[in-house]
Amino acid sequence: MKKINYNDKGSILNPLKNLQFYARKPVTEPLGPRPASASYRGFHINDLDKCIGCSSCQKICDNAAITMVEVPSIEEDASKGLRNLRPAIDYGRCCWCALCVDICPTSAIEMTREYVHVCDGDETDSYFIFPKETGIHGDSFEKGWTKTEDSDLLDRARRPMGEMEPEARIDNFDEIVDGFTMEMAIEEASRCVDCGLCEDACPAHMHAPNYIRSIYEGNLEQAVEWMYETNPFSHVCGRVCTHICETACSLGHGEGESDPIAIRWLKRFAMDNVSKTKIKQIARKGKSRKKSGKSIAVVGAGPAGLTAAFDLVKKGHKVTVYESLPKAGGMTRYGIPNYRLPKDRLDQDIEVIQSVGVDIKYNVKVGTDISMAQLQKDNHAVVMAIGMQMGRSTRIPGSDNKMVVKAVDLLRMIPKGDEFNVPKSAVVIGGGNVAMDIARSLARLQKQKYNEVNITVSALEQLGKTFLADDDEVIESKEEGIVILDARGPKQCVIENNKLTGLETVKVISIFDEQGRFAPKYDEENLQFHEADMVVEAIGQMSDVSILGDELTEELEWNRGRIQIDGNGATSVEWLWSAGDMVKGPDVINAVADGHRVADDIDKFLNK
Amino acid sequence: MRPENYQAVKLGQSNEYEIFIGPNHPGIEGNYAFRLMLDGDIVVSGKADAGYLHRGFEKLMEGRLWIQNLAIVPRICVPDPAPMEVAYSMAVEEIMGIEAPIRAQWIRTMQLELSRVAAHLFTFGGHAATTGMYTPMFWGVADRDLVLDLFEDFTGGRVYSIYNIPGGVRRELPPEFLQKLSNLLDYLESRQNDYDNLLFTNQVFVDRAKGCGALTQEQALELSVTGPNLRACGLAYDVRRDDPYLVYDELEFDIPIQTAGDAYARILVRRDELFQSIRILRQIIERLPSIKGKIRTPIPNPLSWNVRKGEAYARVESSKGELAYYVVSDGGDKPYRVHVRGPSSMHAVQTLEFLAKGARLEDVAQIMFSLDACPPEVDR
Amino acid sequence: MNKVPIDEILNKVNGIKITHKRKTRIRVDVDADSLPTLLELIKGRASYIHLSAITCVDWIADNQFELVYHVWSYEEKCLISAHTRIDRGSESNPAKYVSVYDLFKPADFFERDIFEMYGVTFIGSPRMEKFILTEWNGVPPMLKDFDAEAYVQETFKWTDYNPDWLQELTDQGGGIAVKPEDIRTAGNTHNMSTHRERDKAKAAAVKANEKMQGWKQ
Ligand SMILES: Cc1cc2nc3c(=O)[nH]c(=O)nc-3n(C[C@H](O)[C@H](O)[C@H](O)COP(=O)(O)OP(=O)(O)OC[C@H]3O[C@@H](n4cnc5c(N)ncnc54)[C@H](O)[C@@H]3O)c2cc1C
Ligand code: SF4
Ligand code: SF4
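Protein chains in written order, with my numbering: chain P, 16 to 623; chain S, 373 to 752; chain X, -3 to 213.
Chain P extracted, bound-state conformation:
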């Protein structure tokens, strides 16, 4: 570089040297806008089909430029995490920072290379735009700033969850999943964008964004407080919930690998790390000091019945729960195996519920030990929440043999400690989670007793396509040595000399008819025989409504074999409400949601 000395005087002639410019080619720029660069932050576009209306763009917008507008023509489905809100942008405020682009969980909103917009003073409405596949002027422009892996503001990967290895878990009923450490939980919680799709999706509308944030802030007690606002079965749900919330989670809607927040494991983490004493204090919060003088009977100490009882007690009523079995929890105790839900966790949930003042009478079977009529007489209202305790039968030939059993009956025996002959080989009919539960439970017992697993699961549905059980269940079952035969229908239980020898199956052609009704078609030629000492039917449960008694059965309105209820769980009989599996199902969180609804309605009724 040429040096210029400060003391040089310069010359008056120097600038004239630039006259040479007259000899140079002039620099000309074409009129009209020049094309922008490939990552230009120009006007927005939004893929309305990809966008789920999570509002993250609105929240990150540093200029309050985004208004969420409701588009009625777009489908809304809370359980899938779809809202019909879409962003509209005020270009009077936007600064084209592209933070909205970089946060969008679905990569729906992007920017183009278009940047020219001219309008008159009275056309300011044109500043408020609704980005669609085409930009501000309805023209297609090349994309400019779009989200890249680097610019993505969201952490797409779930913190991995530790699990027991198959060899270590197969001969016992110990819990499989490790749970988060504090550090992992905070990291996992930090991924949440607080869109609330989970809360909308959850049947009980658990305040997941709130407790996730509390966990992120390390305030686990606060998190548990949020949980108890909506769910007294938080331990149970922290382990076995069907987590519809995670299906809805906006992070799960992302392109490519994008995991939803592990909401269920976060709940489990918070519950596991707050002391029982503290949880009891939290559960009591908001309990009415005044006694209402009203009493309510609840039939069935499952999640539905106990949630209703919990709420009603907190509202100042006296509640008695009648339970036919020696312990409370319903299917969560006598159905869900210990390796998924350790019973001490369930015990704690129930202990907390009892500590608020819920009185449970065990070993009282309503219908035999005490009649419904009696309950009505002694109480101002009655809640029926008896679940579905009876297994359904396939009714195929041979299914009346005593070695053909129902999954729920068998599952109930294990926690009760009832003795039964563990079969050396067994076939489970059914492809749902209950089938997996019984198959995996039997596998454990076989391993303990015979040191080898011999279980076949035979299901109508096709693996990887229509299969009903969760993927995790399928993977883990296979790891544990269980054979899954998909697309097979049961034909008969083969009986020789009154002794069960196995199950014969046929190939499934289709499961539903044209109207979408359940009507499986089989290829009768394609036969297969599975040797077994025991056949377990796991094809569904039903409610034992015979306990209602003839008179009440007559009085009630019915709907396809179930008691008819209104949106609040009230039956057609004034003093009777019903909740949980027996009227709705299919899982714990729905039972809990039902319990709340019923309690609210009863409270209103009693205060009338």
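The set of hints was computed from the structure by calculation and includes no laboratory data.
Quick reminder that beta carbons are idealized off the backbone N, C-alpha and C, glycines included.
Treat the hints with care, as some may be off.
[Unchecked claim] Label-pair restraints from in silico Cβ distances: (1) E91(P) to N158(X): 44 to 54 Å; (2) S307(P) to S86(X): 43 to 53 Å; (3) W161(X) to K305(P): 17 to 27 Å; (4) N158(X) to L483(P): 48 to 58 Å; (5) E91(P) to W161(X): 50 to 60 Å.
Following the hints, position chains S and X with the ligands against chain P.
Coordinates of chains S and X with the ligands only, in the frame set by chain P:
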């Protein structure tokens, strides 16, 4: 006081009179006013009048999420916005105890130097214009635009890049970018003669600039003058070298100085600095391809990001001098306090008032621009 | 000349707390009474001659202002940030502190700025007057209890747009669902997610608005 409600002060019998220059005038990059008391055409005293660009940034930042602030910090200095983003990000990183990946640090350094080039080109033009020469201004702005093209290319924005984020930068460089940069540097170097002839060795300019607004080194130090303005007084002080950040300690560059401390010394320092920046950029072009790896250290999702309690004072050398961000976090999702220490807050107020005293009215604009003051750094 | 280690000099100040944050950053905490002495010491004896900035932080919950003096040494290549806390004062008895203008000329700028933005009077500072916000008559705006967002909501009108597409959506039964100000006025972008929370936010916004009305009178 705003010009429209400005009323001349009634004074007793005297030869002195007051004039108000600004808030728009050729002496400043932005809106800024100056009240002068004159005796003939000699300035008796001057008083800076700021506030025309006050947007309450520091207050705004307390109400915005940590990363949202990245969209407003560059607005504090239009001609040289990159150091704002970088300094803010560095402060937040220091509080969090995280560091940008090494590749990001190189890219940031590149961004800062490019920004310096753009800013100096702008200042050449502006300074020349205060002496009545407009061609350098056209040139400066046109050449600066070529730099902005590159900014557009790799950051997506021409002026407000909004390219940094605590933990790194938002985007990889586009393909062929370094080649484009190299071409631009060739071009800028080829322009040196033109600029020298037209401006730096143009006797008309040299005569006007020499002796105008001269500061001694002592005075400069007393007034906390930094940057090229300080280096023009003979002190080779540069944050890049003396309080190194990013990868400056791996780069070779000289710190140009002059001793006269006047407007001409200042613009010569800037001229030389521009070529030092080109030298730095050349080294970056050479080294960057071999520096592989990530460009961002992950931060939690910005919607719920609580930055842990703490404070940090991050300093960088902007084209105007020592730029610092003092950031305080109380552990929340927004900064508790952000203090922007712009170099111009030292240059445009006390120093300017000091230098104006005794100057001729015609030189005031040149003094202002030769200090390269950026009013929003005063107003914030 | 023998160089005295900086810690030795700093330790001459009573009750000082020294934190070496990194090679070029030292944080010291002193009482308000000792701060001028400290600055005099480090300037006079340790070459810390460059006042980089003075920052004020409003710790409203503690009812204190924190003043931070950032001073750089060209020789040591190190920055000392001297922190001190003063009483936050009240409307009738505004916060006061002593000026360091006699030590550092640029204090003129910083102290005036803090006076204007936080209302702290620096005794001995040459220009305790307005500079940037000459037409502002409200409370010093950087105070934590001045709610800028609420002031903006109250003072400026949001533009009401009604473009055709919006009219169409409204006709179909949709239209504006959540305005940005709905999630902003409540002062918290969190937990605004569900419809239920949104209603709450709206209610809070209305309340905040009412509060502002009262504040104006
Ligand atoms: C094997 C299996 C696994 C499951 N896994 C999951 C899972 O992982 N996640 C999930 O969310 N859901 C799961 N479910 C479903 C879940 O357990 C039920 O949806 C839930 O327990 C329903 O609650 P409830 O209160 O309606 O009924 P139940 O839990 O069935 O409770 C009803 C209670 O009423 C009692 N009762 C019945 N009749 C009488 C009577 N006449 N007098 C007195 N008491 C009576 C019963 O003993 C029982 O305690 C599973 C179900 C099964 C069968
Ligand atoms: S962040 Fe994306 S998905 Fe969510 S509302 Fe905005 S554009 Fe739609
Ligand atoms: S580009 Fe930035 S300012 Fe514009 S709508 Fe998106 S987030 Fe808001």
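Outcome of the hint check:
1. E91(P) to N158(X): 44 to 54 Å: violated, 25 Å
2. S307(P) to S86(X): 43 to 53 Å: holds, 50 Å
3. W161(X) to K305(P): 17 to 27 Å: violated, 54 Å
4. N158(X) to L483(P): 48 to 58 Å: This hint holds: roughly 50 Å between Cβ atoms.
5. E91(P) to W161(X): 50 to 60 Å: violated, 20 Å
This entry does not satisfy hints 1, 3 and 5, going by the numbered hints stated previously.
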